[in-house]
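Asks: With the sequences and hints as input, model every part of the structure.
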Amino acid sequence: MVPRTWIVGSFVLLGAALLASPLVLGDYTQQILAQAFFFAVAAVSVDLLWGYTGILTFGQSAFFGIGVYTVALALAYYVEGPLATIGAIVVAIAAAAVVGGAIGWLSFWDGASPIYVAIVTLALPVVFTQIILSGGAYTGSSSGLPIPTPAFSLTAWYWIAGALLLVVALGAYALVSSDAGLILVAIRENEERCRYLGLRTGRVKIRLMAVCGGVAALAGAGYVLFGSVAAHSYGDFVFGTELVVWTALGGRGTLIGPILGTVGVNYVSALLGGNLPFVWLLFVGFAFVLTVVYLPQGLVPAIGTGLRRSSRALGGMLVSRHTAVPAAKVRVVASPASGVARGHGTDDSAPVLELTDVRKQFGSLRVLDGVSLKARRGEVVGIVGPNGAGKTTLLRCIGDGREPTAGEIVINGRRSGGLPPQDCVALGVSRKFQTPNVFEALSVVDCLRVARSYRRPTSPWRRSPTLALPEPALHAVQLTGLLSVLDAPAGHLSHGAKQALELAMVLALEPTVLLLDEPTAGLTRDERAAVGSVLRSLAESHHLCILLIEHDLDFVREISTRLVVLHQGKILADGPLADVADSELIRTIYVGGAAR
Amino acid sequence: MTTAPSPQRRAIAVAGLEGGYGESPVLHDVSLEVETGEIFAILGKNGMGKTTLLKTVMGLLPARRGRVEFLGEDVSGWPAYRITRLGVSYVPQEKSIFQDLSVEENLRLALRDVSRFGERLDVVAEWFPILKSRHAQRAGTLSGGEQKMLLIGRALLTRPRLILVDEISEGLQPAMITRLQEVLAQERRAHGVTVVLVEQNVAFALGLADRYAVLKMGAVVESGRAGSTGARERVEQHLVL
Numbered sequence: 001m002v003p004r005t006w007i008v009g010s011f012v013l014l015g016a017a018l019l020a021s022p023l024v025l026g027d028y029t030q031q032i033l034a035q036a037f038f039f040a041v042a043a044v045s046v047d048l049l050w051g052y053t054g055i056l057t058f059g060q061s062a063f064f065g066i067g068v069y070t071v072a073l074a075l076a077y078y079v080e081g082p083l084a085t086i087g088a089i090v091v092a093i094a095a096a097a098v099v100g101g102a103i104g105w106l107s108f109w110d111g112a113s114p115i116y117v118a119i120v121t122l123a124l125p126v127v128f129t130q131i132i133l134s135g136g137a138y139t140g141s142s143s144g145l146p147i148p149t150p151a152f153s154l155t156a157w158y159w160i161a162g163a164l165l166l167v168v169a170l171g172a173y174a175l176v177s178s179d180a181g182l183i184l185v186a187i188r189e190n191e192e193r194c195r196y197l198g199l200r201t202g203r204v205k206i207r208l209m210a211v212c213g214g215v216a217a218l219a220g221a222g223y224v225l226f227g228s229v230a231a232h233s234y235g236d237f238v239f240g241t242e243l244v245v246w247t248a249l250g251g252r253g254t255l256i257g258p259i260l261g262t263v264g265v266n267y268v269s270a271l272l273g274g275n276l277p278f279v280w281l282l283f284v285g286f287a288f289v290l291t292v293v294y295l296p297q298g299l300v301p302a303i304g305t306g307l308r309r310s311s312r313a314l315g316g317m318l319v320s321r322h323t324a325v326p327a328a329k330v331r332v333v334a335s336p337a338s339g340v341a342r343g344h345g346t347d348d349s350a351p352v353l354e355l356t357d358v359r360k361q362f363g364s365l366r367v368l369d370g371v372s373l374k375a376r377r378g379e380v381v382g383i384v385g386p387n388g389a390g391k392t393t394l395l396r397c398i399g400d401g402r403e404p405t406a407g408e409i410v411i412n413g414r415r416s417g418g419l420p421p422q423d424c425v426a427l428g429v430s431r432k433f434q435t436p437n438v439f440e441a442l443s444v445v446d447c448l449r450v451a452r453s454y455r456r457p458t459s460p461w462r463r464s465p466t467l468a469l470p471e472p473a474l475h476a477v478q479l480t481g482l483l484s485v486l487d488a489p490a491g492h493l494s495h496g497a498k499q500a501l502e503l504a505m506v507l508a509l510e511p512t513v514l515l516l517d518e519p520t521a522g523l524t525r526d527e528r529a530a531v532g533s534v535l536r537s538l539a540e541s542h543h544l545c546i547l548l549i550e551h552d553l554d555f556v557r558e559i560s561t562r563l564v565v566l567h568q569g570k571i572l573a574d575g576p577l578a579d580v581a582d583s584e585l586i587r588t589i590y591v592g593g594a595a596r
Numbered sequence: 001m002t003t004a005p006s007p008q009r010r011a012i013a014v015a016g017l018e019g020g021y022g023e024s025p026v027l028h029d030v031s032l033e034v035e036t037g038e039i040f041a042i043l044g045k046n047g048m049g050k051t052t053l054l055k056t057v058m059g060l061l062p063a064r065r066g067r068v069e070f071l072g073e074d075v076s077g078w079p080a081y082r083i084t085r086l087g088v089s090y091v092p093q094e095k096s097i098f099q100d101l102s103v104e105e106n107l108r109l110a111l112r113d114v115s116r117f118g119e120r121l122d123v124v125a126e127w128f129p130i131l132k133s134r135h136a137q138r139a140g141t142l143s144g145g146e147q148k149m150l151l152i153g154r155a156l157l158t159r160p161r162l163i164l165v166d167e168i169s170e171g172l173q174p175a176m177i178t179r180l181q182e183v184l185a186q187e188r189r190a191h192g193v194t195v196v197l198v199e200q201n202v203a204f205a206l207g208l209a210d211r212y213a214v215l216k217m218g219a220v221v222e223s224g225r226a227g228s229t230g231a232r233e234r235v236e237q238h239l240v241l
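Here the protein sequences line up with chains S and Z, keeping their order. FYI, my numbering numbers position 493 of the first sequence as 493, with every residue one higher than the one before it. FYI, my numbering numbers position 212 of the second sequence as 212, with every residue one higher than the one before it.
Calculated directly from the structure, the hints in this document are not laboratory data. Ideal Cβ positions, reconstructed from N, Cα and C, are used throughout, including at glycine. This list has only true hints and no planted wrong ones.
Cβ-to-Cβ under 10 Å is the rule here; a few derived chain S residues that face chain Z:
| no. | residue |
| --- | --- |
| 1 | Gly363 |
| 2 | Thr393 |
| 3 | Asp517 |
| 4 | Glu518 |
| 5 | Thr524 |
Replies: What follows is the structure in structure tokens.
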């Protein structure tokens, strides 16, 4: 990451450049740039949504338009004076935030596909434009609504627009560099994993939609005061798409890229567009296609990569920064033991997990056919069975209350029926997936931070210098050698290291019931032994209840206290390790005769 | 080192290969040769570059230096789709099936000439019956182990001349691993397919392979005949240290 002084320094420099630049810039250039700065503020909101969080939105123009028309209607018909104008801006921001929240609420229900929000935000500008066009003389319809504007000089407007852009960019930078910003990237990378880490991703995205709607409305409000005419084209679908194109050209997920993209395209098109209106449009389209094909990350990351080869510090400012982390500054420390993990004073003999006649069907295929099971603290329940027996489905039903077709699951005395994964985490369950599921673009330590944010409130302003992990998670990190690669992007880790990382992430939630789907698959013998000893100590000293799917019978034998044999969705045997492990049953259905 | 195969008999020749992700090198000067019809195991601890090696020779990751030859062709710098047309099949470790397509559609997509599909499917379904009995099921709803069967079945369906397999035994029940061992051995007998296995399961790999190599820190540190005395001990030593 870039040192803080660099950031502050560069913003001071930019501010100074903004103040001084009217000395060398002509009126026309200032006019063009002031307009571009307002657009760039809206582009920053697109970047937060799309670049960082992965929410592709064509609708930021509608929020910009809400800003434009709220202020325009207020000044045209109802109020006048500087205070009232500020009031109108505040109302515009609030209105856009409410609409943004409502759009988010419509788009981000559990299980909505990412395309859904793109469609909803595509419809939004269309609806907005129709409302404006059908407003007759009141909204100015297609001919626009002229308004009385503050009598600032052109240079003053240039400074206002530039200052607004700097402030918004600084705020956005603070957000994406904070602990909360990490969660945004985590949602983009793997939303399912986030939910299983107990994060209410829907709520995060709705809030972000509201904030970004407000930011775009602020830009629109400023713009109409500067331009003095409200036109429906500032809220339409074309403008919404242009914002996305500028963001992509500059480089999404970099903040600086969308700003440079917006300012650059607007500046050049003002210079060339007057003389060559059609050729210029063709040129922008061509540049967009070329960028998407050859520099899919956009111009700024491409330039940054080139620069970084020669000068690491300078390039570091331009390269997408959400992958980098302060190297030496992060310390992983043990967090004070929490009562949940320790389980002192709790009664170990009462079951913490109770399944009654759980069934799951995919169409006509019965994957679970009436499974009943009880598990207590301190137990390591090994679940074995041939491929396709329903083992993973069983864990999925426990981790997500909406999964079972029928039956009842009680976790820590509370029913999980109908609860999404993030609520099941709150009941005390956490699940490690079969294939490693980590946040590929984040570093190891940031993956752990995201996991930890379920237990610790996250700051939207700052990145915590240390990472406090509960003892079991810390133990897992140390034993599996992750400490030496804390700064490496998780996507570059080997398969086994990803497995270890996901285990540590899951342990950071301090669960009571731990669901592990082949935690040692892809690990070597000694890594396997290390994970085995972590798991044993979790059950013994931390009184966790562990359900473990594993094909390696030797491993199961080493760490389980109890064995459950699943076959064709039914429990065929359930008992102490010694009784079941050497039974004829295991040999016939598992080791000897494959499911032919 | 064992004796190198003669140039005509080489299915794979990798020389001085360097590569990795972005700016962090993972492979340093890897060289190895695999003979046609051979089963060759690549072993090593996690993070030593086994998967990176497969991805680099398959053209899925850029090589920084070095040369890769498959079946007598210099394929250095070729994109993956072009390499597969030589009759090379790659079975990646992380699930790469089409989740929303049916089992049969997944299998059908592997063949360029669909006219032989029925006949080939019969052969593959003999080894992995679920591929036929569940042909209409959405592939994403198969269990993890079943998806592995689909992956290897799909690769074998194309009757490749060379097949690269990344940790196929992971997540399979013991009986299925034994079956897989038989299938690969039989394919080699019947069609002379060359097999490269990347494995953590040393017993499975050495039980099946003719020769092996151990990767450590992105370089080959040990290689030899899988059946030679003490091979397993030598390999395991590298896995512990």
